[in-house]
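**Student:** We have chain A; now place chain B onto it with these hints.
Number of protein chains: 2
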Amino acid sequence: MSLKFNLLNTTDAGGRRGQMHLPHQTVETPVFMPVGTAGSVKAVPQDVVESLGAQVILGNTYHLYLRPGHESIQRLGGLHRFISWPRAMLTDSGGFQVYSLTQLRKVTDEGVRFRSHLDGSLHFFTPEYSMDVQIALGADICMAFDECTEYPADRARAEESLRLTMAWAQRSLDYFRAHRHEVPWLKDPRSPNEGDQGHPMTEGRTQSLFGIVQGGMYLDLRRQSAERLVEMDFDGYAIGGLSVGEPRELTLEVISEVLPLLPESKPRYVMGVGYPDEIEQYARMGVDMMDCVLPTRAARHGLLFTSEGRVNIKNRRYAEDQGPADPACDCMVCRRYSRAYLRHLMQSSEPLGATLNTIHNLAYYLGIMRRVRADLAAGANMPEPVRP
Amino acid sequence: MSLKFNLLNTTDAGGRRGQMHLPHQTVETPVFMPVGTAGSVKAVPQDVVESLGAQVILGNTYHLYLRPGHESIQRLGGLHRFISWPRAMLTDSGGFQVYSLTQLRKVTDEGVRFRSHLDGSLHFFTPEYSMDVQIALGADICMAFDECTEYPADRARAEESLRLTMAWAQRSLDYFRAHRHEVPWLKDPRSPNEGDQGHPMTEGRTQSLFGIVQGGMYLDLRRQSAERLVEMDFDGYAIGGLSVGEPRELTLEVISEVLPLLPESKPRYVMGVGYPDEIEQYARMGVDMMDCVLPTRAARHGLLFTSEGRVNIKNRRYAEDQGPADPACDCMVCRRYSRAYLRHLMQSSEPLGATLNTIHNLAYYLGIMRRVRADLAAGANMPEPVRP
Chain A
1 MSLKFNLLNT
11 TDAGGRRGQM
21 HLPHQTVETP
31 VFMPVGTAGS
41 VKAVPQDVVE
51 SLGAQVILGN
61 TYHLYLRPGH
71 ESIQRLGGLH
81 RFISWPRAML
91 TDSGGFQVYS
101 LTQLRKVTDE
111 GVRFRSHLDG
121 SLHFFTPEYS
131 MDVQIALGAD
141 ICMAFDECTE
151 YPADRARAEE
161 SLRLTMAWAQ
171 RSLDYFRAHR
181 HEVPWLKDPR
191 SPNEGDQGHP
201 MTEGRTQSLF
211 GIVQGGMYLD
221 LRRQSAERLV
231 EMDFDGYAIG
241 GLSVGEPREL
251 TLEVISEVLP
261 LLPESKPRYV
271 MGVGYPDEIE
281 QYARMGVDMM
291 DCVLPTRAAR
301 HGLLFTSEGR
311 VNIKNRRYAE
321 DQGPADPACD
331 CMVCRRYSRA
341 YLRHLMQSSE
351 PLGATLNTIH
361 NLAYYLGIMR
371 RVRADLAAGA
381 NMPEPVRP
Chain B
1 MSLKFNLLNT
11 TDAGGRRGQM
21 HLPHQTVETP
31 VFMPVGTAGS
41 VKAVPQDVVE
51 SLGAQVILGN
61 TYHLYLRPGH
71 ESIQRLGGLH
81 RFISWPRAML
91 TDSGGFQVYS
101 LTQLRKVTDE
111 GVRFRSHLDG
121 SLHFFTPEYS
131 MDVQIALGAD
141 ICMAFDECTE
151 YPADRARAEE
161 SLRLTMAWAQ
171 RSLDYFRAHR
181 HEVPWLKDPR
191 SPNEGDQGHP
201 MTEGRTQSLF
211 GIVQGGMYLD
221 LRRQSAERLV
231 EMDFDGYAIG
241 GLSVGEPREL
251 TLEVISEVLP
261 LLPESKPRYV
271 MGVGYPDEIE
281 QYARMGVDMM
291 DCVLPTRAAR
301 HGLLFTSEGR
311 VNIKNRRYAE
321 DQGPADPACD
331 CMVCRRYSRA
341 YLRHLMQSSE
351 PLGATLNTIH
361 NLAYYLGIMR
371 RVRADLAAGA
381 NMPEPVRP
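Heads up: the protein sequence lines correspond to chains A and B, in order.
Position 9 of the first sequence, counted from 1, bears residue number 9 in this note's numbering, the numbering being contiguous throughout.
Position 245 of the second sequence, counted from 1, bears residue number 245 in this note's numbering, the numbering being contiguous throughout.
Think of the hints as simulated: they come from the structure by calculation, not from any bench.
It is possible that some hints are incorrect.
[Said to hold, decoys possible] Some chain A residues judged to face chain B by a derived CB distance under 8 Å, without partners named:
id : residue
1  : 76
2  : 84
3  : 336
4  : 341
5  : 350
In this text, a Cβ means the ideal position worked out from N, Cα and C, and glycines have one as well.
Looking at chain A on its own, in the form it has when it is part of the complex (with noise of 0.2 Å):
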């Protein structure tokens, strides 16, 4: 069987708080999920994304189908087993790298050919060759092979992307139910227990498969959509193509019609999003699952997000600042280095500098996702009865 999800708070404002039972991992959501590209949230090491609280993280299909290969990992026990992370996993489809990595590609009913953006050399990726990929790295959630419609699309453009991406959600799913067994740590005895919180992956946990709400900016699109998923029964929906150079009001827009078309009994997930205050609203909306590249990829460039706003930690005014990143955080980069060393180790191109920045951007995210959780819990009402 497939994940479990419970509701244990619901709020007016649609709000909710809830448990996701993953072979690996029990989730507590609404969750933050650190991108950890080519297997490696950049530059931290395991352990102390586990210290800071991280219950998933994501694997690019895309990076790791090309390096070291989905069957390299498929051998060494599965993406977890290769990285040592215990905790949970989500791989996407490889469908978004595709189409904002390559060159020369070329998309037909059939899949997307693609030329690699490592060494040129030639690939076709198929929705069934995404489910055997993702299969083969063995996260506790896989996601539909789909286009990713570019911003902004005409109509027509919209329309065929969208029908390509209904077509390849059923013939993910239908390669998926039929070929989830293969997973590589389902009979791996020496998988047993590993990593998982008081529940035992046993035979019949086995992975997960979200569909992804397309359709571009066009809201009967986005509807049309979301309904013909929910009639093919995913184990949870996301909502792609968003942050894909919209305005944030459409964002919203996109997000809050189709939030009330998923069914209430399973996990939503809004992909690629967002600023610190955007993450905070959605969760707060009832979105459960969110990913991000924003807290890391900043992090390494020098840009620390703080209680008090956003700090460019490489400007001059912090050459002799001796307090914290952030004065309100407690994570171990904020109690033990100062602004003035974060802005030497960025000026000086040590290595150190984008993973203090980092370890602090993902405390940061992480912490409003507890924070989240904690106000869901004491101010919310409680949850409605859920149907099966």
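**Tutor:** Below, chain B without anything else, positioned relative to chain A:
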């Protein structure tokens, strides 16, 4: 008063185990000192460097003088506070980097004029100025300003270089004695006891200054250098100008020649060595302190030191190797990560690769010294009385 050095055990082979009481740490010798060039042991957070058991780390005066500047570090309370390192530190004199990194340098009896390798700006270092900079940085141990003779050097060049180094040693010492009370932490009310283990940092526990034996590969010049420095009465003695390209037999010959000329009651430091078997050999011969960029620099290029020899982790043969970097090692990297993963991180240019490789290599180097100290403690003769 400066450092206090107690010998605990000595062996017939000349090996010795001791304790060096410094303002910020009682250092168990023989000791290997990781290099933290610009205020960071590259790619490793300070708490990890601590957990590995590093007792004293190096800072490079040249780099810190250029960026962020010693006056800035002084205003921030000194190097310990700036980088948040509570244990002991040692700074070099800046001399070696001036010779190895800069261009257009001009050496006179007065000092060295050089251009920054960062921006080409003009600077002038004298022995007195090197002391000023090192006192502002505030490491537990400072080094006399010397000229490091290149290898090979003819006798006339080595003699002239030694003449300069001996004159600069006396000027370094005179200036240091007159100014060491200016160290930023001596009267800093925030500092007392910080990081010190059992030896509260009180007034009077000041920085120490080591002289550096030079003389190229000419043993009589080395003898002359050692004897004159001992007359000057430094707090400890270093052997410099080694590991500059000479064959290892020559390195050993110089060390063997110089060690017996140095007072038993003071610490002996061989600068810039070496490979794992070298640091073990020298430690068993009676060298108390060593430093080298090798474990950290090699790590960043994927070269691991292990009980099974050197491992180039980028080698294809490790692509699916599930074993740890070193089966005999219990460091946090070998306990958690496989060779396959470490290789993947290097292949993917993931910053975590440098971090994990460095942690392992440092664990390996520090482990060698721990083992040598245990051997000296177990099988060693009692120390002979030491003249004050």
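**Student:** All hints, please: hold or fail.
**Tutor:** Outcome of the hint check:
Because the smallest distance between the Cβ of residue 76 of chain A and any Cβ of chain B comes to about 6 Å, under 8 Å, the interface hint for this residue holds. Given the 8 Å rule on beta carbons, the hint for residue 84 of chain A holds: about 5 Å separates it from the nearest Cβ of chain B. With its C-beta approaching chain B no nearer than about 5 Å, residue 336 of chain A sits inside the 8 Å limit, and its interface hint holds. Hint status for residue 341 of chain A: holds, given a least beta-carbon distance of 6 Å to chain B, under 8 Å.
Residue-level restraint check for residue 350 of chain A holds (minimum Cβ-Cβ distance to chain B is 5 Å; threshold 8 Å).
In terms of the numbered hints stated before, the structure departs from none.
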